Amino acid sequence: MTVAMPARFGEPAAAAAPDGLGVTCRGVVFIYPLEGYDVVALAGVDLDIVPGESVALLGPSGSGKSTLLSVLAGLLRPAAGQVRVGEHDLVRASDGELARMRATDVGVVLQGATRNLLPYLTTEQNVRFAQRGTPGAADRPSPREVLSLVGFAARGRLRLRPGALAPGERQRLALAVALANRPGLLLADEPTSQLDTHARDEVVAALDAVRRNGTTVVVVTHDPDVGVRMGRTITIRDGRVGAEGRRGEDYSVVGRDGSVHLPPEVLTVVPPGTLLRVQAQPDGSIVLTPPHLQPQSPAFPVAPDRALTARPGDAVTAGPGGPATAAPGTLDAPHTGDGVHSNAIILATTPVPNGGIER
Amino acid sequence: MTGWTVMVRGIRYRAGRSLVVLLLAAAATTAAVLAPAYTRAAQQSVLTDGLRNAPPSATALVAVAEGTADSAPAAHNATGDARALIKGSLARHPVLNGLVGTGVAGVDADTTIGSRSEPLAARLAYRDNVCANLRLEGECPIDSGQLLVSKRTAEAYGIKVGDGLDLRFANVPGGRAHVFEVVGLYTPIDQNAAYWGLAGYFAGGAGSPEASATRIDAVFTGDEDDVRLESAATVSMRLEYPLRAGEVQLGDVDRVHADLGAVDADLSVQELDLRTELPSILDEVSVDQRAIGRTVPIIAVPLVLLCWFVLFLIVASLVEERGPEIALAKLRGFPAGRAARFGLGEVLLLVVLAAPVGVVAGLGLVELAARSVLAEGTNVEVRWPVFAAAAGALLAAGLAALLAGRRTLRKPVLSLLRRVPARGRWQAGLAEGVVVALAAASLFAALGDRTAPLALLAPPLLAVVAGIAAGRLLGIWSRVRLTVARRRGRIPALLSAAQLARRPAAHRAVVVVTVAVALLAFAATAWDVAAQARRDHAVDTLGADRVYSVTAAHPDALIDAVHGADPSGSSMPVVRSAEQYNGAQVELIGLQAPLLANVVQWRDQNRDQVSGIAAALRPDSAVDPLELDGRVGVQVRVRAVGGGQARLGAIVSVPGEPPTTVSLGLLSRGTVTYSAAVPDCADGCRLIGLSVSRAGASTAPLAVDLDVREVRSGRGPLPARLEDRRAWRALPDRAPGARVVATPGTSLRLTASGVTRGDVVLAHLDAPEALPAVVAGRAPAEDERATEFSFPGFAQSPQPFEVVRRTTLLPRAGNHGLLFDLDYAVRAAEQTASLADSTQLRYEVWANANAPADLDRRLARAGVQVLRTQTMADELDRLGRRAPALGLWLYLLAGGAAVLLAIGVVLLSAYVGADGRRYELAALRVAGVRRRLLRRGVLREQLALLGMPLVVGFAVGVAGAILMLPGIPLVAVDTVQPEVRYEPGLGALPAAVAVSVVGLAFAVIVVLRTLRRATPDRLREDAR
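Chains as they are written, first to last, in our numbering: chain A, 1 to 359; chain G, 10001 to 11024.
Calculated from the structure, these hints are not laboratory results.
Owing to the predicted nature of the structure, the values given are computational and were not obtained by experimental measurement.
Please note that a few of the clues may not be correct.
As the list claims (entries may be wrong) - Quick partial rundown of chain A residues pointing at chain G, CB under 10 Å, derived from the structure:
no., residue
1, ASP95
2, GLY96
3, LEU98
4, MET101
5, ARG102
6, GLY107
7, ARG115
8, PRO119
9, PHE129
10, ARG132
11, VAL278
What the hints assert, rightly or not - Interface residues of chain G toward chain A, partial, derived using beta-carbon atoms under 7 Å:
no., residue
12, MET10007
13, GLY10010
14, TYR10013
15, ARG10410
16, LEU10414
Stated by the list, open to error - Counterexamples of contact, computed for chain A against chain G with all Cβ distances above 12 Å:
no., residue
17, ASP139
18, SER148
19, GLU249
20, LEU267
We put the CB at the ideal spot given by N, CA and C, even for glycine.
Given these sequences and hints, build the entire structure.
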């Protein structure tokens, strides 16, 4: 069942708009202890999200993006590193403080809309139930305001139970439930999975409305289109932030330890274990050269005066012979040694200082 | 929206599961309430039965004064004085006063009526309202000097209404005659009615204290002063207050004891004795009451614990199922307390709502039991222990809910969302260890003393241990099966083994089903064994389908009355007495052997065996008695008579009279028929011998030689069997110093010579010299295994007995006694004495089921007063309401309830995990597994899940019964524990098997139907 998008969809709510919360992760490590062995889900995540930003966490299954979301929600405690959500230090906070944080400042949408809802309560009652975490809070919005923010305007829909709603509506209701207490940060895990295009667009529009209302939005998704529409994409690979995207452009990120995730197609050229010579060029680009290629040789495409020093957190593009697409792979720089490869790799001609995002 | 709204909506959403939780919590409360409520009702039932079964005369309060005016002035005062005194005393004791009926005053004294030469002994009696209890011909006496005479007395002695009777008070020297007018003839409407008490007004025909007078029924006067006409007469004054047995409540008992003592003290001041057997009856009842008080809680505790455990399991499952919802609450920042309230609120609300439901159900169940099983008039009592038990159950249920939910509530959000199957924890292992240790302790206690409280918990504890073991075995077996099935590629076996191996709920369900089935099997076995023991006990106690305890003038009167009342031979007269020997009581039972097989019920003896015993007691070759009809004649050829004149006599036994010798005349040489009339023999008498005695005071040696050629009665010759050596025997001890020889032949030759002061007696042996007898237990002789011994018979004189059989039990006489033919015993006794005066003899009439239903009335019409009637059905009914039966009944109920609980657990386990199972099965169907294979897999799983505990449960239950039953009272707490024996039949055990199998099969069918909806649609996210 689909519902026509209300005219005021995405209009700011009547209640006071929330102050978006920024997110800062530094070297976040999380390990799942399993029987007989441990799995490192997050292996030193560095991430900065400014208040009011809309971010999509992309990455293959098992890369750690949902784990990162859980860490940001205070549902998992990192083994190492620092995590701050607004003023909350999630590493040092007690369970009670984390619960209060979720009750007031952080809204969480679990994967699968029905998992966020009590099936025996109506649409409006589900929102009210979510507000019971902070009884007596004076400034919380009314359920109808919250529901209108995500596109529930028709009065008749408010009395329906989740089972009677269309899948897209259920997902928007799940968003509304997470937004019940006007949080500064909304964390949504796969909010558009199992939805058709129309329903997906409704949900994305709702998320956009939430962001425009002042709430920082972090979404885990597999859908690149959703990522593009979120504005900023962060690709998680093997428990690390591997790349960032800006308006469709993808950049590798230099980690705090100087590491850079190479895009998959680059890794087909320089598989893990390849030795590269790293040379900064005067034009700001970095040249990574296998040992058998000399910088002065005709095959070397970049003049040495265009060298650039990439600092940790810088977003860079990389590709054989110039900017290209990204995929997993790590290159330590500076690095020299023996190796066999036919091409050099040039890292970004124009670095973005300090990983900043152009908005 | 409030938390209540969420709770109520959640309950409605999970309506089926909520209903089951409500019912389980209610069941736990019901089980808890049952203990105090059923205990109270059962104790009340025992009290009511005990008082109702006791003779009214025993439970009545009787104030008695007896004596002359000098020795007992109260007896000679107006009954109104005593009545006022008692009324005043009772008024000060309202509890006792409320339990007794209106007092009936009676005053009586022994008198003789008629001429001095032929007096009749009669009791002159006054009794309140006597005419209302009599059928009258004539008037009711209202003035002094007026009498009522019984109709049968009047007919026997020619008394008519209007006659004047001279009446003299007995034992009053120089007493004068008082003339009374007979104003009416009476017949008692019901001479066995409680109104008459134990005064024995209708003992006409019985022996009288004055041997010369014949006892007639009491004569009633309408003026109590008539009884006190002579101050020297011994007057008995009684005020009888019947107890309203059905109204005595448990709470009254202590007060009644105290009040009886106080009233007794009040009356003794006025020289009145308070006579009642009420305190001892209450004491007897209290033995059963204490047994019930001990047994019921022990029975109820396992049921309560099982309910508690089941509730724990169910709540744990439900809360675990609600894990994602609780996770949502935590995800939305609910503080721990509020999240716990959200998680447990529904269950706790249901538990609280279940409490009143459980109380009402418990009280209703007890009321139902009271109406169907317990004594009439017993009702459930709503007292504080009921509510205390309910409160305790509520707290326990709440605690169970908290403990059950604690584990889930403490989980972090992501664990709750992940729903990883819970692993066994060390706490569960510890709990199982504690149960095993307790079971071992109770088993040890049971092997030492089966009556110890801990021992009584052995069956349920062993059942729990068996359940735990069965659960673990099932897990191991499933893992083995899983490996095998995986290797062989058998899908149904693989699916069922995988489910059983990985589901912890399966282990718990196995424990519950095993325990429940074991409890039911134990209860059913115990019930069947106890029912058999009750039947055995009833047969041992009664000996026949009906037993009437009666009064009779003497054994012959009883025999005549019974044969007159029931000519069909379906009933027989029985005479009993008891003798002490070597510190133990020996019961003597005389019954008519020819009727034995037709009437008696004798455990361990079938009809053929009983017939064999009867034949041994009274062989066909026995000598028949020589019945006379008023005259006796003996043809004798006297060969010689020396030493002076000799007189021939006939020794005759008239029923109820001592043997008398009727003189037939002086012997003279030649053949002469000597004859004479026999006094008091118009209704028949018996020739028991002949005698030759000296006619004068000569001391010369006696010399007699004669042939007895014929014996005759008035009707003609009698079969005297003069040729039979066993029929006649000379009794040399009657003529010490003489040589007496009897020689049978065509005529019986008697020779006697010598100097003796006694008579020469030739006894007719119509009874064997040694009575054939069946001996139960040790023979009452120095040699316990003696085949012949001498022991006091009915006449209280040594009687030789010959052992023809030995048994362990005699009907109605227990395991130490003698059983013999009544006719032989009476004939033997009446050789020397009259049995009419015997106070040792107890008379009974035993009847089979075909005997006339109105046999008691027929006996009454035949002059035998029925004092008490016992029937097999009543006895079984009475035993069925004794403490052991009432306890076992509750046990059976608890076992049934436990199986219902187990079925509920199986169903709920299926429901709780149904969504997940349907999802799995739907996925398997999508993966290509055929529906038929899935169905077979589920069926195999359920059969393994329920079949194993069914078998183990029954085995453990029956084994527990074999272990414990020898120590559990089966019939009554104050009797010797009977032999435990089980006779297969359509009893409780087969019914329990059937109920369990059908119930669990029903559960399997429901589970299969539940999982039938496992269609691929289930795989959609929004499919519920």
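Evaluated hints:
Hint status for A:ASP95 relative to chain G: holds, with the closest Cβ pair at about 8 Å, below 10 Å. Residue-level restraint check for A:GLY96 holds (minimum Cβ-Cβ distance to chain G is 7 Å; threshold 10 Å). With its C-beta approaching chain G no nearer than about 9 Å, A:LEU98 sits inside the 10 Å limit, and its interface hint holds. At its closest, the beta carbon of A:MET101 sits 7 Å from a beta carbon of chain G; the interface hint therefore holds under the 10 Å criterion.
Annotation: A:ARG102 was flagged as interfacial toward chain G, and the flag holds, the nearest CB pair being 4 Å apart, inside 10 Å. Below 10 Å, beta-carbon pairs count as interface contacts, and A:GLY107 has one with chain G at about 9 Å; its hint therefore holds. Given hint, A:ARG115 at the interface with chain G, holds; its Cβ is 6 Å from that chain's nearest Cβ, closer than 10 Å. For the restraint placing A:PRO119 at the interface with chain G, the shortest Cβ-Cβ distance is roughly 7 Å, inside the 10 Å limit, so the hint holds.
At a threshold of 10 Å, the smallest CB-CB gap from A:PHE129 to chain G is about 6 Å, leaving the interface hint in force. This hint holds: A:ARG132 has a C-beta 7 Å from the nearest C-beta of chain G, less than the 10 Å allowed. With a cut of 10 Å, the hint placing A:VAL278 at the interface with chain G is violated, because the nearest CB-to-CB distance is about 41 Å. Of the supplied interface hints, the one on G:MET10007 is violated, with its beta-carbon coming no nearer than about 10 Å to a beta-carbon of chain A, more than 7 Å.
A distance limit of 7 Å between C-beta atoms decides the matter here; for G:GLY10010 the minimum to chain A is near 6 Å, and the interface restraint holds. A distance limit of 7 Å between C-beta atoms decides the matter here; for G:TYR10013 the minimum to chain A is near 3 Å, and the interface restraint holds. For G:ARG10410, the interface hint is violated, since its Cβ never comes within 7 Å of a Cβ in chain A; the closest pair sits about 11 Å apart. A distance limit of 7 Å between C-beta atoms decides the matter here; for G:LEU10414 the minimum to chain A is near 5 Å, and the interface restraint holds.
The beta carbon of A:ASP139 sits about 15 Å from the closest Cβ of chain G, which is more than 12 Å, so the claim that it is off the interface holds. With a cut of 12 Å on Cβ distances, A:SER148 stays outside the contact zone with chain G, its closest approach being about 19 Å. With a least CB separation of 35 Å from chain G, A:GLU249 remains clear of the 12 Å interface cut-off, as annotated. Even its closest Cβ contact with chain G, about 32 Å, leaves A:LEU267 beyond 12 Å, as expected for a residue assigned away from the interface.
Checked against the numbered hints above, the structure violates hints 11, 12, 15; every other hint is satisfied.
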